[in-house]
Structures are given as C-alpha cells and as structure tokens.
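So the protein lines, in turn, are chains P, L and Y. Residue 32 in the working numbering sits at position 32 of the first sequence; the count goes up by one each step and never skips. Residue 1173 in the working numbering sits at position 173 of the second sequence; the count goes up by one each step and never skips. Residue 2190 in the working numbering sits at position 190 of the third sequence; the count goes up by one each step and never skips.
Hint data in this document are derived by calculation from the structure and do not stem from the laboratory. Keep in mind that this is a model prediction, so the values were computed, not measured. Any given hint could be a false lead.
Computed from the model, here is a short list of chain L residues facing chain Y with C-beta under 7 Å [unchecked claim]:
hint: 1; residue: Phe1118
hint: 2; residue: Gly1122
hint: 3; residue: Arg1138
hint: 4; residue: Tyr1139
hint: 5; residue: Asp1150
hint: 6; residue: Ser1157
Just so you know, even glycine gets a beta-carbon here, dropped at the ideal spot from N, CA and C.
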Amino acid sequence: MEGSLGFLFAAVLATWLVIFLYLLSLGGRLAALQRELEALRGQQPTNDDAPRTKDD
Amino acid sequence: MKIGPLAVATLAAMAAALYAALLYAPTERVQGDVQRIFYIHVPMAWNAYLAFFVVFVCSVVYLWRRGLWWDSLARASAEVGLVFTTLVLITGSLWARPIWGTWWSWDARLTTSLILWFIYVGYLLLRGSVADERRAARYAAVVGIVGFVDVPIIHQSVVWWRALHPEPVVLAPGGPAMPPSMLLSLAVSIVAFTLLYVWLVRLRLQTELARTEIRELRRALAEATA
Amino acid sequence: MPAFLDVVGTLVWKDLLSESRTKDVLSTGVAFALLVLVMLNFAIDLGAENVEAVAPGVLWVSFIFAGTLGIGHAFAAERDRGTFEGLLLAPIDRGAIYLAKVATNVALMGIVELVSLPIFAVLYNVSPAWLQTLSAMALGTIGFSAVGTLVAAIAANTRARELMLPLLLFPLEVPVVIASVKATAAAMGAAEADSLPWLQLLVGFDVMLVAASFLVFEYVVEE
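All chains should be modelled from the sequences, with the hints used to inform the complete structure.
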C-alpha cells in the first residue's frame, strides 16, 4: 500500500477545500443580501415596522 | 457572517476530527493509511442522507402547513446535502482506486449515491426554473417527497440488478469489529460533520430568509410609491 | 367508485380522440423510436456475439426516449391550448385526472412499442419469447408513465421544460428501467422463466410508483 498516502491527502484536501469554498460563497452571499436589506430598510417610508415576514 | 458559538464548536470539532482521522486512529493493517478516508467519507454520507431526509420532512410539512420557512429549510438542506454527496462520491473514488484498483464500480451503494446526486441536482435546478415562488415551493416539495421515497426502491433494484451479475470485486464490509480507537475516531468525525451540516444549513437558511425579506420589502416599497 | 371510473374513462376517451385527429404523438413516436434503434445500431456496432446482451437495453432506450417526448407533449399541448386550466376548473377529482393521463400515455406509448417491436426484432435479428416481452413492455410502460405523468405536469410549467423533463424523470425511473431491461433480456435469452422474478418486481414497482404519484399529484395541479 505504498503511495496510497497521496490518495488520502487528495481526499482530505478536496473535502476541506470544497467545504471552505462553499462556506466562503455562503458568507459572501449572506453579507451581500444583508447589505441590500439594510439599504432597503433605510428607504422604507415612515411606517418602520412595515411587512416583515420572518417565518413566512 | 457572524462567528457564533455554533461556528466555534463546529470548527473545533472539525479540527478534532481531522486529528482523530489522520493521527489518533491506528493504521488499518490490510488497507494501510488510505483507510483513513473512511473517517471523512462515512460521516459525510451519513449527513447527506440526513440532509435529504430533512428535505423530505420539510416538503411534507410545507404541503401540509404552507409556511415558506419550511420550504426555505428544505432548499437549504438540499443544497448542503448535494455538496456532501459530491464529496462522498469524490472521496469514495479516491479510496476505491488504491483498494479496488478502480475509480468506480457499479455497486449498489455507489450507484444509489450517484442517482441521488442526480435527483437533487434536478431538484435544485427545478427551483431555479420556476418564477413564482409559491409554485416553485410546491413543485420542489413534490420532487423532494417522490425523490426520497424512490431512494430505497432504487437501492433495492440496483442490489438485485447486481445480485444476478456477480462482480469479481467483493466489497468486504469493514470487518466484523472495529477496535475502540477507530470507533472513537469515527464518532468524533460524525459529531463534527453533523455540526458542520447544521451550521451550513443555518447559514444557507439565513440567506434564503434574507432573500424572502428583501422581496417583501421591495413589494411593500413598490406599493407605497404607487 | 363507478362514477370515478366513468370520469377517468371519459377523460381518456377525450385525449385519445384528440390524438386520433392529429396523430402527433403516434406518428412522431414511432418514427423517433425507430430512429433511436438505427442510431444505436451504429453507436454500438452489434455482432452476433453481443446482440442478446445489448438488444434489450437498446429497445428500452428507444422506448423511454420516445415515451419522454410523448409525455412531455401531452402536457405542453394542453398548456399551450389552455385546455388544462379548463379541466382543472371542472368539478373533477384530481386523482381521476392523474389516472386518465397515465392511462392515455400507457395506451399511446403501448401502440408505439407494439409497432416498433417487430421492426426491432427484424433489424436486430432477435426472436424473444413474445409473452414475456409483451408483459415486460406493459408493466414497464405503466411504471414509466406513473412517474412520467407527475414529472411532466411539473415540467410543463417551468422554463426550459423540454430540458427539465428528462433531467427530473430519468433518475426516478432507474428501478423501472432496470427491471424492464432485465425481464426483456431474460425473455430474449435462453432461460425464459428467468423473466418471472423481474416481472413480479415490476408489478411491485408499478404499484408503489402509481400510489406515490397519485397521492402527490393534487399538489402539482392545484390553483
């Protein structure tokens, strides 16, 4: 089983890399959406607690 | 993205799992170091099935109660489950190459995982190709239910398909009993990846809820200006 | 219950009548199934030694491709003409609509298959055990249509519906395809009796798939 360490390394690397990139993209998406949300809330006219459907 | 207690716990557990898999667990005698892939492969497979089970439950609840929150959770879980399934297929191949001498074998479990991958790719693409969000949620729920119900049928059919066609490669189940240190490493990894699943789904759910809120605010804004 | 079956019968009759006027599905279905048979002959390069192993798969690929086109057309045409909305406005049980669509599709696909089968036998030079082959075709077509009708109803209302249909449908059809191909292969091989377990399995799949799709169909067409 010499040389099988490479396969182990590849598997661990692939897993961590994919999870890290997914996490990064999720964080980016969330941050962008939250910025947009803040901007929209700022535009909201007088009634500040206008429709806010949190859980549907 | 805030670093909350869940994030800290997940990162700590993942670090512990990495240590357990690569250093703490004893080297398997027959397969050697490559067997350590087991400690990331199995927990991810387990969590992928958990993710699709969550999709199934949320789909049923959505059709019953019609809360968009359930639909958002189903979508989040499907996406995370698909990421895990992808990694399960990749790590499985990387294990199979040195052990079986082939990247892929049309064995029941591998084939079912691959079909599962296709079902949830279709599920997510379907969501993207329906404009109306309520209708998209309804369709997705139906696919989420039928797809999950179909999984055991697919698995069984592939088992029988193979059973009449014996393969030269015998897929030995890991051995009758694992030493306690291996079992402990596996347990740590399962906890770590389950925490990771919960964390990822929560993040994904937050983006989905933020998107819903933006849509509602836009609608309210358009009505106010009209 | 008789009223329910009457409704199903009426709906099937309506669809078959409208098909008999245009013959869209039947004519293109047969032509397409034969075309797939010819294309696969070039793709695989059959010889006497591998024909029995490969021919059942070839046959079912052609059936499933032709069936997918037909089932997609059924809902797309209703949608384009706006007739499906009318059907939903009528006081009809959604389950009856589902079963009628399945029955219509089984009938149309069955005709396409019955026309294609003898030509397939000639082109590929096989002589299957007819009873087993026909049973496999009937049961496989029912299983295919059970899920196909559900998915086609969904896909008809999506963007790029002709792409969504096979993408969603094929993974779900894996059990039906496996059992149908195996039953047909046994009918074409030496041991004809071997197709029996696969036919029994197909019956089980059909029952499960029809029941599951029947239960969720109303959520697809509600509004």
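Hinted contact Gly1122/L with chain Y - closest CB pair below 7 Å: holds (4 Å)
Hint check: 7 Å Cβ-Cβ cutoff, Arg1138/L to chain Y: holds (6 Å)
Hint check, Asp1150/L versus chain Y [nearest Cβ-Cβ separation less than 7 Å]: holds (5 Å)
Hint check, Ser1157/L versus chain Y [nearest Cβ-Cβ separation less than 7 Å]: holds (4 Å)
Tyr1139/L as chain Y interface residue, shortest Cβ-Cβ below 7 Å: holds (5 Å)
Agreement of hint Phe1118/L with chain Y interface, Cβ distance less than 7 Å: Given a least distance of 4 Å, the restraint on Phe1118/L holds.
Checked against the numbered hints given earlier, this structure breaks none of them.
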